[in-house]
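**Q** Read off the chains here:
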Amino acid sequence: MAGAITLERILALNAAYARCIDSDAMEGWPDFFLDKCLYVVTSAENHKAGFEGGVIYADTRGMLTDRVAALRKANIYEKQSYRHIVGLPTVVKNGGDTAECETPFLVVRIMHDGVTTIFASGVYLDTCREAGGSLKFEKRIAVCDSSRIDTLMALPL
Amino acid sequence: MAGAITLERILALNAAYARCIDSDAMEGWPDFFLDKCLYVVTSAENHKAGFEGGVIYADTRGMLTDRVAALRKANIYEKQSYRHIVGLPTVVKNGGDTAECETPFLVVRIMHDGVTTIFASGVYLDTCREAGGSLKFEKRIAVCDSSRIDTLMALPL
Amino acid sequence: MAGAITLERILALNAAYARCIDSDAMEGWPDFFLDKCLYVVTSAENHKAGFEGGVIYADTRGMLTDRVAALRKANIYEKQSYRHIVGLPTVVKNGGDTAECETPFLVVRIMHDGVTTIFASGVYLDTCREAGGSLKFEKRIAVCDSSRIDTLMALPL
Numbered sequence: 008m009a010g011a012i013t014l015e016r017i018l019a020l021n022a023a024y025a026r027c028i029d030s031d032a033m034e035g036w037p038d039f040f041l042d043k044c045l046y047v048v049t050s051a052e053n054h055k056a057g058f059e060g061g062v063i064y065a066d067t068r069g070m071l072t073d074r075v076a077a078l079r080k081a082n083i084y085e086k087q088s089y090r091h092i093v094g095l096p097t098v099v100k101n102g103g104d105t106a107e108c109e110t111p112f113l114v115v116r117i118m119h120d121g122v123t124t125i126f127a128s129g130v131y132l133d134t135c136r137e138a139g140g141s142l143k144f145e146k147r148i149a150v151c152d153s154s155r156i157d158t159l160m161a162l163p164l
Numbered sequence: 008m009a010g011a012i013t014l015e016r017i018l019a020l021n022a023a024y025a026r027c028i029d030s031d032a033m034e035g036w037p038d039f040f041l042d043k044c045l046y047v048v049t050s051a052e053n054h055k056a057g058f059e060g061g062v063i064y065a066d067t068r069g070m071l072t073d074r075v076a077a078l079r080k081a082n083i084y085e086k087q088s089y090r091h092i093v094g095l096p097t098v099v100k101n102g103g104d105t106a107e108c109e110t111p112f113l114v115v116r117i118m119h120d121g122v123t124t125i126f127a128s129g130v131y132l133d134t135c136r137e138a139g140g141s142l143k144f145e146k147r148i149a150v151c152d153s154s155r156i157d158t159l160m161a162l163p164l
Numbered sequence: 008m009a010g011a012i013t014l015e016r017i018l019a020l021n022a023a024y025a026r027c028i029d030s031d032a033m034e035g036w037p038d039f040f041l042d043k044c045l046y047v048v049t050s051a052e053n054h055k056a057g058f059e060g061g062v063i064y065a066d067t068r069g070m071l072t073d074r075v076a077a078l079r080k081a082n083i084y085e086k087q088s089y090r091h092i093v094g095l096p097t098v099v100k101n102g103g104d105t106a107e108c109e110t111p112f113l114v115v116r117i118m119h120d121g122v123t124t125i126f127a128s129g130v131y132l133d134t135c136r137e138a139g140g141s142l143k144f145e146k147r148i149a150v151c152d153s154s155r156i157d158t159l160m161a162l163p164l
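Residue numbers (the numbering used here), protein chains in the order written: chain A, 8 to 164; chain B, 8 to 164; chain C, 8 to 164.
Any given hint could be a false lead.
Stated by the list, open to error - Here chain C is said to cover these stretches of chain B; the calculated rule only asks that three of the stretch's residues, wherever they fall, bring their Cβ under 8 Å from a Cβ of chain C: (1) 58 to 68; (2) 90 to 100.
Claimed, not checked - Reference excerpt, derived from the structure (chain A facing chain B, CB under 8 Å, subset only): (3) G69; (4) M70; (5) R74; (6) P96; (7) T97; (8) E109; (9) G121; (10) I125; (11) G129; (12) V130; (13) L132; (14) S153.
In short, the hints are calculated from the structure, not lab data. All residues carry an ideal CB built from backbone N, CA and C; glycine is no exception.
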């Protein structure tokens with residue numbers, strides 16, 4: 008069944024996304040999204056309250072590309088890295104060429120001196136869509152469990 | 008092969024279980040178990056010593072339902088959330104309509120002020136069983152690595 | 008397709024590897040590798056700089072077996088345990104009887120008094136090879152995000 012959105016493809020998409028960020032290959036990050044997309048980082052509290060905005064809000068791939076460019080400048084004076092541990096996805100709805108998934112994440116931050124701390128935990132609320140043979144995010148809402156979101160957030164979740 | 012217990016189904020079961028707890032949809036939690044089941048939370052030390060009991064012990068689904076009701080009352084004065092990061096399952100034995108699996112977990116707790124800490128780590132020792140087209144837990148023993156288990160444990164692991 | 012290196016087999020290999028270490032079944036650990044293999048634990052900084060060595064370096068399975076023997080002696084006076092949470096693998100290249108994968112990991116350490124801390128995070132850079140019906144590591148480089156690697160590292164990553 009060509010184009011079916013299998014769990015295997017969803018696993019692979021999530022794995023590749025995390026790898027892109029953690030291996031500092033950020034220039035490839037916007038390619039995980041459709042041109043017209045929604046990428047939001049928000050808190051559980053705000054999400055529950057129905058606020059659409061967030062710490063990060065982008066609704067086109069172009070905005071994501073701009074963000075990467077900004078990060079590259081900002082990163083000149085920073086030296087820290089992140090590691091995303093992505094949990095197991097739940098496919099909430101699977102409708103042929105689009106699927107809704109929820110996937111938990113935990114991100115740790117490694118500072119220059121080697122100290123590692125929990126940076127964020129939460130859940131991705133995603134809509135994935137078949138696009139020319141590959142699976143892309145039409146929507147990825149990263150809902151952070153904590154309301155203490157680092158407003159200088161260097162890298163996307 | 009209808010009814011085969013594939014790795015994919017085991018992944019999906021584990022993902023759905025964690026999602027149920029973390030999204031505060033606890034009323035659905037007992038449905039992951041058979042009527043006659045065994046759900047235990049214990050420590051590695053006690054498990055190794057062969058003690059059958061644990062911090063939490065339930066051997067019917069009714070006991071799990073009671074537990075949810077109790078939690079709902081207790082939670083009135085609490086405000087904290089949890090995030091389960093479930094690792095990759097190992098299928099230890101797969102015998103047609105039942106499978107034995109071991110799956111590591113890490114749970115972080117997010118307090119009201121946003122501080123996130125490691126709450127528990129350990130491994131689920133499971134027996135899954137085919138039941139009317141869906142996979143359920145006949146047995147889930149959550150063996151915590153640490154002996155310091157929070158005795159006021161608000162949510163199940 | 009006999010012998011194909013599917014994502015499912017890669018998931019199972021990673022799960023079994025972590026389980027072997029965390030369940031203190033270390034004598035079985037060398038069996039995850041080919042006779043002629045490469046197992047290295049290093050830091051992201053050293054790996055990026057192109058240094059081939061590492062905190063741990065072994066290029067035969069015999070060296071891994073020796074390491075386990077040494078650990079068993081060293082462990083007489085220690086009492087701590089580890090929990091590996093292995094993330095989702097990305098298959099970077101899949102060429103029939105060999106596959107290159109990258110898989111993130113997070114390891115927590117549980118001390119005797121029950122205190123749990125983040126021990127290491129990083130990524131496995133692997134080459135898996137089909138060997139007599141099972142999948143083995145021809146190469147596993149554990150690249151730790153932090154340069155602060157415990158030089159007394161009791162257990163392998």
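**Q** Now tell me, hint by hint, if it's right for this structure.
**A** We went through each hint and held it up to the structure:
1. 58 to 68: Per the Cβ count (0), the hint is violated.
2. 90 to 100: Check passed, 6 qualifying residues.
3. G69: violated, 32 Å
4. M70: Since chain B brings no Cβ nearer than about 27 Å to M70 (chain A), farther than 8 Å, the hint is violated.
5. R74: Nearest chain B Cβ about 24 Å off; hint violated.
6. P96: holds, 6 Å
7. T97: holds, 4 Å
8. E109: Holds - the Cβ of E109 (chain A) comes within 8 Å of chain B, reaching about 6 Å at its closest.
9. G121: Hint on G121 (chain A): violated, closest Cβ of chain B at ~18 Å, above 8 Å.
10. I125: holds, 5 Å
11. G129: holds, 7 Å
12. V130: At about 7 Å, which falls below the 8 Å cut-off, the nearest Cβ of chain B leaves the hint on V130 (chain A) intact, so it holds.
13. L132: violated, 10 Å
14. S153: Because about 4 Å separates S153 (chain A) from the closest Cβ in chain B, which is inside the 8 Å limit, the hint holds.
Hint compliance for this structure: hints 1, 3, 4, 5, 9 and 13 are not met, and every other hint is.
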